[in-house]
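Chain A is already provided as a structure; the job is to place chains B and C on it using the hints.
Chains as they are written, first to last, in my numbering: chain A, -15 to 265; chain B, 87 to 342; chain C, 681 to 1054.
Honestly, the hints are just simulated from the structure, not real lab data.
All of these numbers come straight from a predicted model, not from anything done at the bench.
No residue lacks a Cβ here, since even glycine has one placed at the ideal position from N, Cα and C.
Misleading hints may appear alongside valid ones.
Said to hold, decoys possible - If the Cβ cut is set under 7 angstroms, some of the chain B residues that face chain A in the computed set are:
1. 101
2. 108
3. 118
4. 189
5. 299
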Amino acid sequence: MSRSSARRDLTRRGLLLLPVVAFLTAFFIVPLIQVLMLSISDPDWGVENYTYLFSDSFFLGALGSTFLTALSVTVACLLLGYPLAYVVARSEGSFAASALLLVGLSLWISFLVRTYAWMVILGNRGPVLAAMRALGIEGGELLFTRFASSLGMVHALLPLMVMTLFSVMKKIDPSYERAARGLGATPWAAFCKVFLPLSAPAVINGCTLVFITCLGFYVMPVLLGGPSEQMIAGLIGQQIEELLNFGEAAAMSVVLLAASLTVYAIYSRLFGLDRLWGESR
Amino acid sequence: MTWLKSFAVLIVAFIAAPLFIVLPMSFSNSPSFEFPPPSFGWTYYQAYFNDVRWTEPTLNSLMIGAGTSVLTMLLVVPASFALTRGRFKGRSALNLLMILPLTVPHIVVALGYYYYFGALGLVQTRLGVVLAHTCLSVPVAYLIVSAALKGFDRNLELAAQNLGASPLKSFFLVTFPVLRPGFLAAALFSFVHSFDEAVVAIFISGSATSTLPRKMFDSLRMQADPVISVVSALILVVMTLAVLIPWLMRRRLAAR
Amino acid sequence: MNEACVLRDDLSPEANASAAHLSLTGLRKTFDGKTLAIDAVSLDIREGEFVTFLGPSGSGKTTTLSIVAGFTAPTEGDVRLRGTSVVDMPPHRRNMGMVFQNYALFPHMSALENVAFPLRMRRVSSNECAIRARRILEVVGLAEHADRLPKQLSGGQQQRVALARALVFEPDVLLLDEPLSALDKNLREQMQLEIKRLHKTFGMTTIFVTHDQSEAMTMSDRIAVFNAGRVEQFAPALDVYATPATHFVGTFVGESNFFDVTASDPGAGRYDALDLQRTLAGMPTAHPRGSTLSLMVRPESLRIAESLGTDDPNVLDFEVGGIVDYGSSLLLDGRCSGQRVRMRVPRGGRTPYREGARYRITWHPEDAHIVPRP
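Extracted from the complex, chain A is given alone in its bound form:
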């Protein structure tokens, strides 16, 4: 009785899973494998693409500055986002509700619309340069610089950081801080010794998500950044579109992918991967 029903369960489960597994294999895994193959087969078989890349100072420089930019964007998002998330998680009033609504809504805004907005703001005829000129500061190009693309990325990823932090902070029981205050701690001490450590998982989640997104960011750095300070994704795009250098592009992609996956692997080893998305959603 139980053996045949167990087999029935197995086939039913198989049928439910088959479509998505077949689909992802055919249309996701295979293209990725193709990229890997390309990196070692174009123009000839072998690892020349990699040896070239890792001896090319331009590429290594771009790689390094991508990491540094991702790191600085992450830190900026954390410094700006943490206080906001804290205020929203701990207050009850209308400010908290409307702030949450606004940040939640802005999560859905496409990168291109944001890019357009920053192009206007930082552009030659935009309000920032106009204000600078009014203050007597002349001759500055804000657009098409590392600064512009970083600012854009911070603006784009800040809602993600805030929402990730908020969703975990909300679950921290306020009675812990109250207990600390009742035992004689000042508000600042209660925060440092109780809330801050308890919010560590949130911080790690937020930083991981923001950092990885930043590593692979394409649209904003390409449009807002300068041509001489590319991030990796832009470099890859350039190889594909302009130079048709598929092998090199593929090798760069593999390096970028390896970097992302390494960060995930570290997170997974330390915390378990479900915590990353389970909490942030």
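Then chains B and C, alone, in the frame of chain A:
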């Protein structure tokens, strides 16, 4: 802690402010990116609706978004049931596979599609974009649907069966209606995700089958076409409404 | 439980007393192939009988109920309804009504729609569905709330909707899985009466699962006491209380004092308590001489025996350790020769009891019940 609150207000202003640029700019009559706009009017709104080089990508994006949404749900819903109910060997591996597309930078996937779909003749087709976007939507749609399933009280299904409903009937009369909000959220997300997706679309949608983000990207690169302001404004308004309205409706239902 | 308060309902129908209405035969279930959730559960339930499955968590009572309902398939054994095996029948064909612990009301349907659901499944016309659903909602006192959604109803109201839904189609068997555990004390007692009233009105075979022994005592015709996957006793409530079949039943239903004894002259009701170094008098039994047993006396069966000497068979020296005041009675918690003994005395009458006081206590031999030592 008022200085903390003031700081928070500043951050919210930072997040929201640039977007308050977009709406006024769309009413600018000047072709430049000048802000504040020198004069106002409907010039570029008219230009947008009359320009097939903009309306066609808009339609493409809508169609591709709808196709992606449907295909994603068809794949994700059965799989979510299979993965959230019961333990079996390989469950964590399959879980990982469902999440995998979320971990790969889009540029890497774009390169893969460029080459692979090129071989399959799917580059520059809407179908190709739908297939690619579906892969990219599966992870989050899966997370949303499986969260809804995990929160679902299985006793409801048992009760329905006990009261005389066959397993199929109990799914349609009880399980599906209760899960519908989660399903709708996942479908909406897939649509928006596809509609906004730029990187893959840039590389594999052709000029005739271009998506709106691709057109916007090209236009921003050139900084030539002021209609971009109108497109941005429209996207902003529509997306906001698309997220705001279901949220408001849910709040009203909950308060009833 | 202070007193053996049993609402025996002489009106419980016993038609077909000879043939069982619902019979469970040799049920055995393992979930992992190693440990048995239930083992050798066999019960014959008469038509119209109100049976309670009583036991602690994990004792197998809910598993058994789940097998009867058809949600779980037994590893071995049979379930028969009026002689026909239903064990291979899927739950939606068994025509049993179930009330879940968390009510399981469909959140997207009103109370009326919930109650009408089983009728819809039986292809009753929508007109008649509405009429019959409304009628039973009146019976449970919820007629004005018919169009409300479950989340707009209180816990007690949801309970009654769940009951109505399980009864509206007049099932062969009614199954209740700890339905009252989420309610506060007053509401629980109210619902116990309500369920008994409905049982009297509709007269259907009912299985009620609970871990609350006083609930079982007040509501059941017969109680099946579950322990670690087995039924240790299946008997009317009074018998379970007065003559428990095992040590476990004695401890689980009501409070008890147990003395380790060996049977010195069981036919005459004489048992040696080695720790107490005396012979105790209890019910005569047929256990072989020398067998290791437990002599069980309920706290309320103990009484102060001033007039008897300490050499009399059933007299023990009792030193009071603590006193708990229950209002209508007092519980004296103390020791007899080092062994913990509890005794219940009515308040009033004699001089007040004091901690540290020593009394001679005794009991009637017929109040001392013998069970095998575990």
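Hint by hint, here is what the structure shows:
This hint holds: residue 101 of chain B has a C-beta 6 angstroms from the nearest C-beta of chain A, less than the 7 angstroms allowed. Restraint check, residue 108 of chain B versus chain A: the minimum CB separation of about 5 angstroms is within 7 angstroms; hint holds. The interface hint given for residue 118 of chain B holds, since its Cβ lies 6 angstroms from the closest Cβ of chain A, which is under the 7 angstroms cut-off. Because the beta carbon of residue 189 of chain B sits about 6 angstroms from the nearest beta carbon in chain A, less than 7 angstroms, this interface hint is met.
Taking 7 angstroms as the C-beta contact cut-off toward chain A, the hint placing residue 299 of chain B at the interface holds, the least distance being around 6 angstroms.
Against the hints set out earlier in the document, no violation occurs for any number.
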